[in-house]
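One-letter residues, chain by chain:
Number of protein chains: 2
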Amino acid sequence: MQSNIPKVLQSRIVIIGGGFAGLRLLRKLQRHDFQLVLIDRNNYHQFQPLFYQVATAGLEPSAISFPFRKIFQSRKHVFIRMTEVVRIDPEARLLITGIGQINYDILVIATGGDTNYFGNSNLKALAYPMKSVSEALGLRNRILENYENALITTDPEEKQGLLNLVIVGGGPTGVELSGAIAEMKRFILPKDYPEIDFNNMHIYLLEASPALLNGMSGKSSEKAYQYLLKLGVKVRLNAMVRDYDGKTVFLANGSVLSTRTFIWAAGITGYAPEGVRAASFGKGNRLLVDSFNRVTGYENIYALGDIALMQQDGFSNGHPQVAQVDIQQAANLAENLVRLYDGKQMKSFIYKDLGSMATIGRNLAVVDLPFIRFQGFFAWLVWMFVHLMSIVGVKNRLMIFINWLWNYFTYDQSLRLIIRPRTK
Amino acid sequence: MQSNIPKVLQSRIVIIGGGFAGLRLLRKLQRHDFQLVLIDRNNYHQFQPLFYQVATAGLEPSAISFPFRKIFQSRKHVFIRMTEVVRIDPEARLLITGIGQINYDILVIATGGDTNYFGNSNLKALAYPMKSVSEALGLRNRILENYENALITTDPEEKQGLLNLVIVGGGPTGVELSGAIAEMKRFILPKDYPEIDFNNMHIYLLEASPALLNGMSGKSSEKAYQYLLKLGVKVRLNAMVRDYDGKTVFLANGSVLSTRTFIWAAGITGYAPEGVRAASFGKGNRLLVDSFNRVTGYENIYALGDIALMQQDGFSNGHPQVAQVDIQQAANLAENLVRLYDGKQMKSFIYKDLGSMATIGRNLAVVDLPFIRFQGFFAWLVWMFVHLMSIVGVKNRLMIFINWLWNYFTYDQSLRLIIRPRTK
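Sequences listed follow chains C and G, in order.
Letter 137 of the first sequence, counting from 1, is numbered 137 in our numbering, and no numbers are missing.
Letter 168 of the second sequence, counting from 1, is numbered 168 in our numbering, and no numbers are missing.
Hints in this document: simulated from the structure, not taken from any laboratory.
Do not take every clue at face value.
Any copy will do: because identical chains look the same in the list, a pair fits if it lies in one copy or spans two.
Restricting the straight-line Cα-Cα distance to at most 30 Å, the calculated cross-link-like pairs of lysine-lysine (DSBU-like) are [as the list claims (entries may be wrong)]:
| no. | residue 1 | residue 2 |
| --- | --- | --- |
| 1 | Lys424 | Lys131 |
| 2 | Lys234 | Lys344 |
| 3 | Lys230 | Lys191 |
| 4 | Lys185 | Lys347 |
| 5 | Lys124 | Lys424 |
| 6 | Lys344 | Lys124 |
| 7 | Lys395 | Lys131 |
Just so it is clear, the structure is predicted and the values come from calculations on it, not from any experiment.
Working from the sequences, and respecting the hints, build out all of it.
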């Protein structure tokens, strides 16, 4: 397959979104003669796999966030702009943003996904999502405040709702979060709140399908289920949520659960700025791309990672929305943009599945590699090593390592702080 | 002087405020047979001397904050309530709080001080205070956002206002903060924002009196002034602020300064809940106390630290509002409450001045001890050692030490993150 893009230098590359895909692309391209512009709502890269540890007060937000400006400090042709993209104007080759117009020669959309509430406005208004550091921190504050409030309420029903947590979605986020909350319940909360009887606290994990961790092997899925039961999590498979009113979760089978903390980790939907023609969107609000990650119908617009839907052999519904795909697509696109500049043909993306893993708790993890599957303590060590090595910044790596060691030996962090910046 | 308090057990001691004074009192009393209640707006103790490092992205808020519940985890007779005190009712011996009524036998007011804007409502609305971790974090976000905005504005006047900082108050907070900002300007900002010419950034430190660090020796005051000049801070002594409109600072001598970041560290005023009779208040809205820290006119209400005004020989206007006084008064009161319980006479408070110190920048500090005064690198080491040892929590101590070491060798942190919790 041959590229149809004219072999002239597309000199100004604008990337929307500094997640795994956008950041990798920028890092790969920074040594080349492009003018590079990164647009992100935040001034930092976020390490999504550890959001759940921020939410459960195991890590500080700063440990899994890294300022873009520090990464590209010495690169004078990398421009970082903290703003929202309001609209893309493909005809005029420019973006309308919160800080004005930004022109591009090549546009790369790497905006990822946002929480999918499947059109339920109650869920959107009341459920806690887990798609950013800010949301994870907001959830942490909420959980801590709930126990402060549980101390003082005299209404038994309200107290029960404050103690309980319901997590929807049996993917890695839901599994890891419910495991971490179960460990808080066991090791920390009874010490912090001796006035509360935590036998009355229930953690529910709801999954609509018949199994947890659907992207992983049956063995890992089964083990994760057993580990969660062991930690005291009430796992409900084939459980569809119908609604939530801020106090009660209504399930499709007619049963109800009482909780003030309803966490929604049950799906994502593509999050693309306005202005892209409707015909370029596929299933899940993702942008249809060819095997070079070029958005169908456009010559100079690319999409990467979670937002991109590339239909290939074995991936008729696109690739899984995981960090590995983001990073590999970004690396391939970086190479292709350089090839384009050099007048060479572009290379088709080929996904290499490096495996997947999830941690359920202390010494408990599941790992599926292409050649081997294993669970338990060694899987947990591998999980920690892989995540530590993936974090941006040597100091962040060190800080997380110390935090984990500390937590392992003391069973207790000192991060249960409800801190909100006070601005004028 | 003899105590007039009846020698019966005052069994329920309620402490408002978990700052240096309240926390020390609680720690000293926890081994005794009192029922102890701590009321604080936050669920954590804050280490005020390092707020300026949070504001300048040198430390994380979590490093200088510590959850009360973790400190008192094993103490079943210590009750912690996160709420505001609305009013004290001394007749009925109870507090009206955000979570209902709380009775006391003995009440200890350790609410400290709040920023004193001297009745200027513009300052109150627009100036940045530095009296809490939340305010320091809000200031950090503001400073970082200002440089993002300076990048994109085309109005030269607005740009100048975004680059400049004006700090009012030549006490330790103002001196340490302006020194830290000067180091950001020198080592970090030009690398983060190569598009901005930081020769145009000006840092002003305004002090109404003829000298900086008025509580310290003439030598230290003079050295601090020289260090700040060396770092490029424009120090203006005898400079009275008349007003601020959000863009321009108006000085009493008719001159003006342009800034969007106007930091007010020029004074504190006592911050006591309502309900205490007017006659018990002295200068600076502080509560008049006898030499046992008992509020005049009450038998069972005490005040500690910044909020207390104890007139003694050499301290006709009360003791300095510094951590040393808070801690020593708390220790003395703890001993006195136990003595009261044991039917013994209370002991008068005697202040022991252990000295004071301030750091201006890398290798630059001033230290006044009772027996010796010194400045420079060794003073800086002593400053760091004393502050590290004063921090609550071994892990916090370790984390701060690593941060400081890292900063010393790399000249650069990775904490310039604008993170706000997102709640529902």
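Checklist entry - Can you give the numbers of the hints that this structure goes against, from lowest to highest? => result Of the numbered hints given earlier, those the structure breaks are 2, 4, 6, listed in rising order.
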